[in-house]
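Chains as they are written, first to last, in numbering that gives the first Met the number 0: chain A, 0 to 155; chain B, 0 to 565; chain C, 0 to 270.
Hints listed in this document are in silico derivations from the structure and should not be mistaken for laboratory results.
No residue lacks a Cβ here, since even glycine has one placed at the ideal position from N, Cα and C.
A portion of the hints provided could be inaccurate.
[To be verified] Derived DEER-like restraints, expressed as beta-carbon distance ranges:
1. 161(C) / 45(A): 44 to 52 Å
2. 44(A) / 382(B): 51 to 59 Å
3. 88(A) / 138(C): 30 to 38 Å
[Unchecked claim] Straight-line C-alpha distance at most 27 Å; calculated DSS-like pairs for lysine-lysine:
4. 130(C) / 80(C)
5. 41(A) / 137(C)
6. 233(C) / 108(C)
7. 246(B) / 137(C)
8. 246(B) / 182(C)
9. 430(B) / 500(B)
10. 80(C) / 182(C)
11. 182(C) / 137(C)
12. 41(A) / 80(C)
13. 108(C) / 77(A)
14. 80(C) / 137(C)
15. 182(C) / 130(C)
16. 130(C) / 268(C)
17. 41(A) / 130(C)
18. 233(C) / 77(A)
19. 503(B) / 431(B)
20. 268(C) / 41(A)
One letter stands for each residue in the lines below.
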Amino acid sequence: MAAEHSHAHDYDDGAVHVHIAPSRFYWAIFAGLVLLTVLTVKVSYYDFGSANIIIALVIASMKASLVAAFFMHLRYDKLFNTLILLAAFLFLSLFILLTWDDLGVRAHDHGYAQKLSPETGLGAPGGEPATSATADDVGAAPEGAPKGAGHEEKKE
Amino acid sequence: MAAVEFPVAGGHAADGHGDPDANYLQATHGFRSWALTVDHKRIGLMYLTMVSIAFLVGGIFALLVRLELFTRGKTIVDGETYNRFFTLHGAVMVFLFIIPSVPAALGNFFLPIMIGARDVAFPRINLLSFYIYLCGVCILLSSIIMGAVDTGWTFYTPYSLQTSNSVISMTLGVFVLGFSSILTGLNFLVTVHTMRAPGITWTRMPLFVWGMYATSLIQVLATPVLAITLLLLAGERFFGIGIFDPKLGGDPVLFQHFFWFYSHPAVYIMIVPGMAINSELIATFSRRAIFGYFAVAMSSIGLAILGFLVWGHHLFVAGMSEFATMMFSALTFLVAIPSGVKVFNWTATMYKGSIVWASPMLYAMAFIFLFSIGGLTGLFLGTLSVDVHLTDTYFVVAHFHYVMMGGTVIAFLGGLLYWWPKMTGRMHDEKKAKIGFWFVFVGFNTVFIPQFIMGSRGMPRRYYDYLPQFEPFHKASTIGSWILATGLFITAFTLLEALWKGRKAPRNPWGSAGYEWMTDTPPCLANFHSTPVITRGPYDYHLATPEELSTGWDEVEAGAHTKKKD
Amino acid sequence: MANVSESMAGTERVGHDAHAHPEFLQHHFDTPTQQFNASKLGMWVFIATEILMFGGLFCAYAIERGLEPQIFDDAHHFLNKIMGASNTVVLLFSSLTAALAVRSAQVGKRNLTSFYLVVTLLCACAFLVIKYFEYSHKFHLGLLPGHCFGHPGLSAAIQDGQEVGTCLHVNAEAAPVTPEWVKAVDESGHVRLLPPRANMFFGLYFVMTGLHGLHVLIGMSILTWVLVKNIRGKFSPAYFTPVDLGALYWHLVDLVWIYLFPLLYLVGKPE
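So here's chain A without its partners, still in its complex pose (with noise of 0.2 Å):
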């Protein structure tokens, strides 16, 4: 049979169209970003506790999000490519989550130095020396059952 090309129209000129912004709209993306920035350098020399870390991640975010959506032109292209990178922060919050629910739930306190060894009052190896052990370090209970069992099986 003769040659079969798919029927579909060739509507491109040879071109691609965009959706192209005016130049004052850039520089007033622009201007927005350096009222934020201002902004969290200001904020920063107060003190809110706790939240200080939440609220610069907000602007930080939000700085984000307008370079995100208009110099990278998200906003105006496929919704596809916006899932891409939505993905990638979600799959790192989650390596972050999970990971701190280990670590961070570890019952560290003052850093590996200042652990002391119930038995022997000593530090553990490696860092630095005990500065000032506080009571709350001796009598602190191992966190993270595996240990007991680990030895069991080495008797074996």
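Given the coordinates of chain A, assemble chains B and C onto it according to the supplied hints.
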């Protein structure tokens, strides 16, 4: 009117890359036409050559490991060298062989054809990823020459911060290989999204393509974290940054979190392509549509996503918090579900199908059997309390060899035998292939079943020496390794022999309804003579015309003077 | 019958010789729109991989900060907020000029595109110069990662009255160098005493800003290449993809800094 239109006349003017309608193997000649090719098929073959060599090298290390373990104490080498052998076996097999194997070799070759595209989205990046892979190979080789690493392929700190200098070159090699993997995944993702031919909707894509797509998602999201992990490890060794070193205030378990965040999804990079091949094999050799197509497709995506949530199960006894161990154990049980969906659906596909006992089907059936064992033993290991006893024993070794070798390698071999005629235009000797299969199957089980038993009785992994009660198991395992090696050599011989002595293959020797079988054997340079239009699914045996399904053996028999086939 | 437009997601196909090919259209693509969409999608997937790579460092930061909040609070006073803020504004401005360069290419103003690309490159240089000043200041105070913390200029500890190599590379017979306490004046003029454990903060600081700096250099090379191609007249309103993709890479570099700046320089108890 054919449901799949693949007109053979007409075509395009030949450009500088060779006549698009000519057989891709003959369209252009000379070393440079291969070294600088941007044809995904040629790149796939180059990858295939390299991963086969890597498999051979990794396999030799495996044989050496098993040989050393044949008797207690020293058999052929001392403990230090033994540590290097198993490290190299692991590193070569994981990074040089199994991760690139199916995606870069078979995926590169068939993904564009299966979606009716002329090539992948970024052919030059495809070639670049091959050269990056070669670079990684060279760096890894140099690390071996520099004295090799003895940390195990997992490079755990703090030992990897203290041992020989080749750690930096080996981590650099793996870092480079990671980029090759990322670029392949990136290419496939964009290709599937933007280059499907008319009629190939998401619900008509072959399951092999779904599997490659899911694999690419993992490659793209997980491998960068490996890159940063290795960078930090190298930085620690070189500059002493201190993030993993307890003496400097760091945490060695943090290294394990970082490492396994990549390496667990990596095992899904290894198995999902194998499962993807298996879907194709089961459908073709049962001559039926895959039962529950959409469920199987979604299970690939499900594995890709869930695979990111379970990495902590490698750290159960490393010193993680209790809460984390419980979370990860629960999530690990979830990840078994998509695999189960696939196994059930393949079995259902075979029920009342017309089973053809060709060699690829033998491998496909073996996959179901061996992968099920591997997967189920994974559940043992995911159970927190049981893992405390089984972790770091031979049970784990047997488990992952069942899924990686009994799974991916078996599927890879099955896929090679299945697609060999399409790629090379030559038919291999089925009889030899089946003999090879049985040696592989028997040998594989002989190696690893004793390891399950040993492991549950306490034989630790990576140990150079062992207690007397384990000696019969080790001996059996080593003998099995020789049987397995024989089977692999027979299979390799069968495939290579076909290149010289194999009969010319017809267009569709297996009578499959798959899209790749509708085009020339071997494919022409541009894959098709003009853009195909698809109006049926890839497993729609009831919709395919007799002309599409005909194997073409009759014409070959009539035209050739070779003796009767099997 | 398949719904073709749904599966094509907006792209169209033609037979190969239906019309003359624009020079920039690669032959495995059917239309410029398909090629453009594929290129953009590819770039976004690549950006996702970069986010995950840097993300690993942010994870390490989050973990370490959670474990040693006091260290991070004390140590961050040694980072100069003004320099950091200036760098932020410089990068934001360069992002603006990169976006304007893309816009100029989209409307076919070749010289304007070159101008904006050059300004972007100059901003990048300014960023690196400011970075250099910050790094050398820390080098002189001994605010360095790992073993070198407390060893200004990479000096080693004196053992038995002798210098035994640099803190990075000690002579074979000598004991390993340990991090020392640092007593120095911070950016707001206060004297601070940092324990050796504070090496962790500076380790993260140098790795994160260092990797970012490496990406600035890579971005500069990419933009230079785009500039050269632009001068040679390769771009038009029909084809400006490399400018677009180069600018996207540059915006990524900016994005990473947008998060780095507050987390390293700003967050901590103010004076």
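Which numbered hints fail: none
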